[in-house]
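Asker: As a plain string of letters, each chain reads:
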Amino acid sequence: DGGITQSPKYLFRKEGQNVTLSCEQNLNHDAMYWYRQDPGQGLRLIYYSQIVNDFQKGDIAEGYSVSREKKESFPLTVTSAQKNPTAFYLCASSMGRQETQYFGPGTRLLVL
Amino acid sequence: KQEVTQIPAALSVPEGENLVLNCSFTDSAIYNLQWFRQDPGKGLTSLLLIQSSQREQTSGRLNASLDKSSGRSTLYIAASQPGDSATYLCAVKRNDMRFGAGTRLTVKP
Chain A
1 DGGITQSPKY LFRKEGQNVT LSCEQNLNHD AMYWYRQDPG QGLRLIYYSQ
51 IVNDFQKGDI AEGYSVSREK KESFPLTVTS AQKNPTAFYL CASSMGRQET
101 QYFGPGTRLL VL
Chain B
1001 KQEVTQIPAA LSVPEGENLV LNCSFTDSAI YNLQWFRQDP GKGLTSLLLI
1051 QSSQREQTSG RLNASLDKSS GRSTLYIAAS QPGDSATYLC AVKRNDMRFG
1101 AGTRLTVKP
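Residue numbers (the numbering used here), protein chains in the order written: chain A, 1 to 112; chain B, 1001 to 1109.
Honestly, the hints are just simulated from the structure, not real lab data. All figures in this text were calculated on a predicted structure; none of them were measured in a lab. Any given hint could be a false lead.
[As the list claims (entries may be wrong)] One-sided excerpt, in silico: chain B residues whose CB lies under 8 Å from chain A:
#, residue
1, ILE1007
2, TYR1031
3, GLY1043
4, LEU1044
5, LEU1047
6, LEU1049
7, LYS1068
8, TYR1076
9, LEU1089
10, ASP1096
11, GLY1100
For each residue, glycine too, the CB sits at the ideal point set by N, CA and C.
Just need the whole structure built from these sequences, with the hints factored in.
Answerer: Put into structure tokens, the structure is as follows:
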């Protein structure tokens, strides 16, 4: 089946800890995105990548980092600098930046 | 900066009713507008995509319209069913996608 997978479904972070959220796609899409969703708010763009080894900051990149070493993978690291990380994180991909985005099932991050 | 607003924030209707969800945006210079469905704790599923040159799109019981000049879109759901209960989000695209906060729809049997 073609699609986008995110893991884990739930993730718990301790104070001062870095955690990494996984996003993998087998749709052969060039562009990939990370969004954060908070209750009662729309999705906000954290980072996006249009090609391998290149990525750009979105609106709320502070406290996050990404890498794009392979076309299929776009992991997001939530660093200790992100003081309010509790949220639902969604990964998406598209053929090109102007094309329809397809979303993964999301990862819920909680702070212990 | 593009702002997207969805009204109402929540809506509860009896089964079988026709309903309209509203989306407004502040900058009319968009490439397209998309309506998504989100079930609790899940990702987004694309419902309809309207290009900036189009006025409406239809899929089954769903019809979405776009009035770019006034910065408005509506999603019309005909003969609503309990399975339609979900949050509906609209998003407009130019360089990036900008999302509204969504309308949480409950269809009661």
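Asker: Under the constraints set out in the numbered hints, which ones does this structure not fulfil?
Answerer: 1, 5, 7, 8
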